[in-house]
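Visitor: Make a model of the complete structure from these sequences and hints.
There are 4 protein chains.
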Amino acid sequence: MSIFSVDFKVRDYECDLQGVVNNSVYQNYLEHTRHEYLLSRGLDFPTLTEQGIYLVVVRAELDYRKALRPQDRFRVTLHPKLYGKLRVIFYQDIILDNSELILQAQITATAINPQGKPIAVPEIMQKLVE
Amino acid sequence: MSIFSVDFKVRDYECDLQGVVNNSVYQNYLEHTRHEYLLSRGLDFPTLTEQGIYLVVVRAELDYRKALRPQDRFRVTLHPKLYGKLRVIFYQDIILDNSELILQAQITATAINPQGKPIAVPEIMQKLVE
Amino acid sequence: MSIFSVDFKVRDYECDLQGVVNNSVYQNYLEHTRHEYLLSRGLDFPTLTEQGIYLVVVRAELDYRKALRPQDRFRVTLHPKLYGKLRVIFYQDIILDNSELILQAQITATAINPQGKPIAVPEIMQKLVE
Amino acid sequence: MSIFSVDFKVRDYECDLQGVVNNSVYQNYLEHTRHEYLLSRGLDFPTLTEQGIYLVVVRAELDYRKALRPQDRFRVTLHPKLYGKLRVIFYQDIILDNSELILQAQITATAINPQGKPIAVPEIMQKLVE
Numbered sequence: 001m002s003i004f005s006v007d008f009k010v011r012d013y014e015c016d017l018q019g020v021v022n023n024s025v026y027q028n029y030l031e032h033t034r035h036e037y038l039l040s041r042g043l044d045f046p047t048l049t050e051q052g053i054y055l056v057v058v059r060a061e062l063d064y065r066k067a068l069r070p071q072d073r074f075r076v077t078l079h080p081k082l083y084g085k086l087r088v089i090f091y092q093d094i095i096l097d098n099s100e101l102i103l104q105a106q107i108t109a110t111a112i113n114p115q116g117k118p119i120a121v122p123e124i125m126q127k128l129v130e
Numbered sequence: 001m002s003i004f005s006v007d008f009k010v011r012d013y014e015c016d017l018q019g020v021v022n023n024s025v026y027q028n029y030l031e032h033t034r035h036e037y038l039l040s041r042g043l044d045f046p047t048l049t050e051q052g053i054y055l056v057v058v059r060a061e062l063d064y065r066k067a068l069r070p071q072d073r074f075r076v077t078l079h080p081k082l083y084g085k086l087r088v089i090f091y092q093d094i095i096l097d098n099s100e101l102i103l104q105a106q107i108t109a110t111a112i113n114p115q116g117k118p119i120a121v122p123e124i125m126q127k128l129v130e
Numbered sequence: 001m002s003i004f005s006v007d008f009k010v011r012d013y014e015c016d017l018q019g020v021v022n023n024s025v026y027q028n029y030l031e032h033t034r035h036e037y038l039l040s041r042g043l044d045f046p047t048l049t050e051q052g053i054y055l056v057v058v059r060a061e062l063d064y065r066k067a068l069r070p071q072d073r074f075r076v077t078l079h080p081k082l083y084g085k086l087r088v089i090f091y092q093d094i095i096l097d098n099s100e101l102i103l104q105a106q107i108t109a110t111a112i113n114p115q116g117k118p119i120a121v122p123e124i125m126q127k128l129v130e
Numbered sequence: 001m002s003i004f005s006v007d008f009k010v011r012d013y014e015c016d017l018q019g020v021v022n023n024s025v026y027q028n029y030l031e032h033t034r035h036e037y038l039l040s041r042g043l044d045f046p047t048l049t050e051q052g053i054y055l056v057v058v059r060a061e062l063d064y065r066k067a068l069r070p071q072d073r074f075r076v077t078l079h080p081k082l083y084g085k086l087r088v089i090f091y092q093d094i095i096l097d098n099s100e101l102i103l104q105a106q107i108t109a110t111a112i113n114p115q116g117k118p119i120a121v122p123e124i125m126q127k128l129v130e
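Protein chains in written order, with our numbering: chain C, 1 to 130; chain U, 1 to 130; chain B, 1 to 130; chain H, 1 to 130.
Note that these hints are calculated values from the structure, not bench results.
The structure presented is a predicted model; accordingly, all values stated were derived computationally and were not measured.
A pair holds if it fits inside one copy or across any two, identical chains being indistinguishable in the list.
Pairs of lysine-lysine residues, derived as DSS-like cross-links and limited to a Cα-Cα distance of at most 30 angstroms, are as follows:
hint	residue 1	residue 2
1	127	66
2	117	9
3	66	85
4	127	9
Guide: As structure tokens, then:
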């Protein structure tokens, strides 16, 4: 069902004193995968930001099933779905060795201007799901 | 309603190329506040980890209302609630200047052993809410 | 001999699988202290950046004497010294409990424009050391 | 001259409000490359840590030549050299697109026990340079 994915390997500095990847780092993996997906659709996050189009997360739901360990190789998948005209939900999984589910996430994003007001960006939303 | 809080100030290195605090960093703030709360209840996260009691997050729900900016001073609050015998939910808000809501979070945690199996730690759960 | 300092407490997420603060995090502490020092001299790092004045580190020398551990309280000190007309060296120490030396650093910084060319900013350099 | 290297791509979350990779993140890249090098020599950093052999950095010299930008692809190289019986110096460069020098580093490491005392680990030192 996912339409895009990025492969990663855990780096030791991402692990905390429990010896596993720290909770916050999963959001880094998810974000990097979303931004790579944007690139694959011809959308460049830093350039959009310079143009005053701020893509932002408004809600994140993260279900942690199992921890990633040092040197684990894993895949982050992505499936986007429009939610109304202003929002997109990214369904993202983290999968270890192509089989074991590590984390399931549902990330809701929207676009705002530099003043923080929601803006309609129909071309961008269309590119994300076409 | 919150029974505990920690005050913070945004550090510039926590901000990303949008000029605001990166999404993942809020989880750092929330975690630090939870660990300070544990300490206030006589529970030391690194020591528990050494003893083989791993407190872990199994679910995080984060509603991002507004972004924190460089040098913002903010408070992270916490209200714990037992959920069954094995889980605790931490309701956590991030508040700017004691008034503006930045983020609302609901973090569900449990205890596992080093092999990843859930363990019952009734004394710890009791200390968290008494 | 230091003319400025900031007090910190180690946060658990800053520690890695050795159970101590990860090497890279000390640079976060040092940077935050320098930016707080800038503020104390009327210089705002994010605002300077928006104005096209990029203060950047060109060299860092870090001597790690001893590791910081979870919950350690420590102080980061700063002593600035002009080096020619275009550079400033920040001598920075990290001190545990006001007595034990954890890290000594010598950070050389300069100003560049958004295209990466060195620029002379004599008023800023003057404010840093007056 | 380098005997090992790892290829990377900048991730947006590694960039700060100047729009370039934050200074501290380069140490992450350098560390990950060293740990991958250890693995290539049959040495596993997390396992060594569990065995009470803590490989630690005692000195870092970093010359920042040019900043990495979002999506840059770069290589981190490594050349190790024993320094006495107890220390190893890793000479590491960061190279953009196989040509442009971004950063030069000289990282001095040693081994300590969990109590922080230097320990001689001749077999490990030998594996690092043979």
